[in-house]
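*Asks:* The primary structure of each chain is shown beneath.
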Amino acid sequence: MLKYILGRFGAMLLTLFLVMTLSFLIIRLMPMSLFENPEVDPVIQKLLEAEMHLDKPMVVQYYYFVKGIVTEGDFGRSVKIRPGMEVFKVLASKIRPTVLLNVLSLVIAIPLGIIAGTVAALRNNKLTDTIISFLVVIFISVPSFVFASLLQYAFTFLWPLFPTLYDPAAPNLAATLHSLAMPIIALALNPIATIARYLRGELIETMSSEYLLLARTKGLTRAQATVRHAFRNSLVPIFNAIIPLITAIMGGSMVVEKIFAVPGIGGQLIESILAGDHFLTVAGLIYYSAVSLATILIVDISYGLIDPRIRVGGTK
Amino acid sequence: MPKQQNDTTGNSAIANDIILKVADLRVSFRAYGGRVQAVRGISFDLKRGETVAIVGESGSGKSVSVKTVMGILPGNAIIESGEVRYGGMDLTKVSEEKFHEIRGNRIGLIFQDPLSALNPIMKIGKQITETLRLAKKMSGEEARAKAIELMAAVHIPDPQRRFNQYPFQFSGGMRQRIVIAIALAGDPEILICDEPTTALDVTVQSKILELINEIKRERHLSVIFITHDLGVVANMADRVNVMYAGKIVEAGTTEEIFFSPAHPYTWALLSSMPDLQTKERLQAIPGAPPNMIYPPAGDAFARRNPYALKIDMEKEPPYFRLSDTHYAATWLAHPKAPKVEMPAVLRARIDRMKRSGMLNG
Numbered sequence: 001m002l003k004y005i006l007g008r009f010g011a012m013l014l015t016l017f018l019v020m021t022l023s024f025l026i027i028r029l030m031p032m033s034l035f036e037n038p039e040v041d042p043v044i045q046k047l048l049e050a051e052m053h054l055d056k057p058m059v060v061q062y063y064y065f066v067k068g069i070v071t072e073g074d075f076g077r078s079v080k081i082r083p084g085m086e087v088f089k090v091l092a093s094k095i096r097p098t099v100l101l102n103v104l105s106l107v108i109a110i111p112l113g114i115i116a117g118t119v120a121a122l123r124n125n126k127l128t129d130t131i132i133s134f135l136v137v138i139f140i141s142v143p144s145f146v147f148a149s150l151l152q153y154a155f156t157f158l159w160p161l162f163p164t165l166y167d168p169a170a171p172n173l174a175a176t177l178h179s180l181a182m183p184i185i186a187l188a189l190n191p192i193a194t195i196a197r198y199l200r201g202e203l204i205e206t207m208s209s210e211y212l213l214l215a216r217t218k219g220l221t222r223a224q225a226t227v228r229h230a231f232r233n234s235l236v237p238i239f240n241a242i243i244p245l246i247t248a249i250m251g252g253s254m255v256v257e258k259i260f261a262v263p264g265i266g267g268q269l270i271e272s273i274l275a276g277d278h279f280l281t282v283a284g285l286i287y288y289s290a291v292s293l294a295t296i297l298i299v300d301i302s303y304g305l306i307d308p309r310i311r312v313g314g315t316k
Numbered sequence: 317m318p319k320q321q322n323d324t325t326g327n328s329a330i331a332n333d334i335i336l337k338v339a340d341l342r343v344s345f346r347a348y349g350g351r352v353q354a355v356r357g358i359s360f361d362l363k364r365g366e367t368v369a370i371v372g373e374s375g376s377g378k379s380v381s382v383k384t385v386m387g388i389l390p391g392n393a394i395i396e397s398g399e400v401r402y403g404g405m406d407l408t409k410v411s412e413e414k415f416h417e418i419r420g421n422r423i424g425l426i427f428q429d430p431l432s433a434l435n436p437i438m439k440i441g442k443q444i445t446e447t448l449r450l451a452k453k454m455s456g457e458e459a460r461a462k463a464i465e466l467m468a469a470v471h472i473p474d475p476q477r478r479f480n481q482y483p484f485q486f487s488g489g490m491r492q493r494i495v496i497a498i499a500l501a502g503d504p505e506i507l508i509c510d511e512p513t514t515a516l517d518v519t520v521q522s523k524i525l526e527l528i529n530e531i532k533r534e535r536h537l538s539v540i541f542i543t544h545d546l547g548v549v550a551n552m553a554d555r556v557n558v559m560y561a562g563k564i565v566e567a568g569t570t571e572e573i574f575f576s577p578a579h580p581y582t583w584a585l586l587s588s589m590p591d592l593q594t595k596e597r598l599q600a601i602p603g604a605p606p607n608m609i610y611p612p613a614g615d616a617f618a619r620r621n622p623y624a625l626k627i628d629m630e631k632e633p634p635y636f637r638l639s640d641t642h643y644a645a646t647w648l649a650h651p652k653a654p655k656v657e658m659p660a661v662l663r664a665r666i667d668r669m670k671r672s673g674m675l676n677g
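For the record, the sequence lines run as chains A and B.
This note's numbering numbers the first residue of the first sequence as 1 and each following residue consecutively.
This note's numbering numbers the first residue of the second sequence as 317 and each following residue consecutively.
Hints are not guaranteed to be accurate.
Estimated spans, in silico, between C-beta atoms of each pair [as the list claims (entries may be wrong)]:
{"#": "1", "chain 1": "A", "residue 1": "Pro-244", "chain 2": "B", "residue 2": "Arg-449", "range": "33 to 41 Å"}
{"#": "2", "chain 1": "B", "residue 1": "Asp-333", "chain 2": "A", "residue 2": "Asn-240", "range": "50 to 58 Å"}
{"#": "3", "chain 1": "A", "residue 1": "Leu-135", "chain 2": "B", "residue 2": "Gly-547", "range": "49 to 57 Å"}
Per the computed footprint, the stretches of chain B lying under chain A, defined by three or more beta-carbons under 8 Å from a beta-carbon of chain A, are [said to hold, decoys possible]:
{"#": "4", "stretch": "414–420"}
{"#": "5", "stretch": "444–450"}
{"#": "6", "stretch": "491–505"}
One side of the interface only, derived from the structure: several residues of chain B facing chain A at Cβ under 10 Å [what the hints assert, rightly or not]:
{"#": "7", "residue": "Ile-388"}
{"#": "8", "residue": "Pro-390"}
{"#": "9", "residue": "Ile-423"}
{"#": "10", "residue": "Gly-424"}
{"#": "11", "residue": "Phe-427"}
{"#": "12", "residue": "Leu-434"}
{"#": "13", "residue": "Asn-435"}
{"#": "14", "residue": "Pro-436"}
{"#": "15", "residue": "Met-438"}
{"#": "16", "residue": "Lys-439"}
{"#": "17", "residue": "Tyr-482"}
{"#": "18", "residue": "Gln-485"}
{"#": "19", "residue": "Ile-508"}
Derived from the structure by calculation, the hints contain no laboratory data.
Where is the CB? At the ideal position from N, CA and C, for every residue including glycine.
Can you make the complete structure from the sequences, with help from the hints?
*Replies:* Here you go:
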């Protein structure tokens, strides 16, 4: 098991390194220069470029970039959005609302998705199932920012139950959550539907499996057999679906943060790309891939815990 | 179907001997094309301590019959009529809430495919003890001891270690032994084996069959043995019911079915058994089983039967009594029917079987 985790961790670091390299190269090769500000004295501009090694060839720039990260944990400085500030600090100042928004979306999506999927599977082909499956199709196919706008219109304008925008100066967590409720719901709809759809399919399949029949013929009640055999077995593949969910939430978060004016990393990333603040953009991209990779790692490890075939290394 | 009640009136001991009685059972399935009549009025008895085989090809309704006995028919099944008498109850009327007390504890079932019958992510030991813990409220220690004892009884080597392993660490034959151990965990008195060796390779087959015979003797079980393989039946069963298209077409003791088969379908089944001595081409049964949404009039087998009489196509044959225990539903058995002999190949084969004494009796 330890070998399995170490292997996964090594693969994760390698991937992260590749992502870092690729995003560095792509962003740096973009035409926009870091200093295109006509108000800055050309001499100072030259000095700044020299300090940030921008006057050197790309390979050398990359060397300094990696060296800075490995030896000092220095990802560079922001030059346009927060001039002179370390990008790490810029991101850190934005991380709270984003994490709150993304984690809470996932946290409410998982149980709701599981409940919806289970109900649909148990009521297979009945009206309840049809209604749930209908909603699932809508929630999966319509992007989260559409729901964000609709929710904003409905619940902050027509029936003003929630504030229109995120309130960064909220006095306490409850008030923060109140102003985050709409974006959280908008982001959670797609994951709820995805989990429900997967789980419904899995449950229906396991419910007709031979081992569930065996569980019943050995004397378990229908409920015992469903909970102890069908449910747990159906959750195994659901774990895999959680990886794309997290990336979907983070991707959706970029736009939804904009709609509700949440000062988070998503909005920050878009801003820095548009402004040409390269160091900040690269750092933002690294943050996103690090979070995704960490999720994959956690899912892989828990997979090993849930499914003995992976843990013990069997094939069938 | 044989009316065995006739001889039971004077002898209550024999009447008590019947542990399970299926009477005129009809089961259909709702399907897109209409109602599939899977079981069309079968009756048979299971006496205490005996093995009754139900033999037939795929789709003949044999599995549906035992699923009815176990109360595990799928949702689209309808029990049209008939009853399954067991322990003073009619199992077709027992509610789902009550049935789980019978399953496992009174009647155990061994599945066809041990590869898919075990939960892949649950430890073997837990799968055996689960029902002991939940249904019999045993303590963890007691249940574990009993499970290990059961695993030893079905000849799993090193049961203490195997107890904590997962199904994927077992071979097919070993998994079938586990399935048998699970079926025995509740101490049932009836064991239903639904093609228990079909998914296993031949060398493992015979060992599993031996095991079933062994536990039957040791635990005084009554066994219903479902198979499509008459060769397996010879060593297992006391009595045989041959099923075709949802009906029992011939019933008798194993000896009667093997040595003096009367229904052309039984002939066909016996002729299509491969053996080493027959020099001629192996006889296959021509055609395919009928569509059970519209079962044919008369004898369902008539259209595939080279010996069929005209009346076989038109009028359903009743059971003709050939001996106290031997009945066949074919007009060929009617006293006025033209004398039709079984195929010569089969005759030769039966003579060989008689000489070699291949039957268990």
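*Asks:* If a hint holds in the structure, say so; if it doesn't, say that too.
*Replies:* Hint check:
1. Pro-244/A <-> Arg-449/B: 33 to 41 Å: The hinted range 33 to 41 Å holds for Pro-244/A and Arg-449/B, with Cβ atoms some 38 Å apart.
2. Asp-333/B <-> Asn-240/A: 50 to 58 Å: 56 Å, holds
3. Leu-135/A <-> Gly-547/B: 49 to 57 Å: 55 Å, holds
4. 414–420: holds (count 4)
5. 444–450: holds (count 3)
6. 491–505: That given contact holds, which follows from 5 residues of the stretch 491–505 of chain B lying within Cβ reach (below 8 Å) of chain A.
7. Ile-388: 6 Å, holds
8. Pro-390: At about 8 Å, which falls below the 10 Å cut-off, the nearest Cβ of chain A leaves the hint on Pro-390/B intact, so it holds.
9. Ile-423: With a closest approach of 8 Å, the Ile-423/B hint holds.
10. Gly-424: At 7 Å from the nearest chain A Cβ, Gly-424/B passes the 10 Å test, so the hint holds.
11. Phe-427: 6 Å, holds
12. Leu-434: 6 Å, holds
13. Asn-435: 4 Å, holds
14. Pro-436: 7 Å, holds
15. Met-438: Nearest chain A Cβ about 7 Å off; hint holds.
16. Lys-439: 8 Å, holds
17. Tyr-482: 5 Å, holds
18. Gln-485: At 6 Å from the nearest chain A Cβ, Gln-485/B passes the 10 Å test, so the hint holds.
19. Ile-508: 9 Å, holds
Checked against the numbered hints given earlier, this structure breaks none of them.
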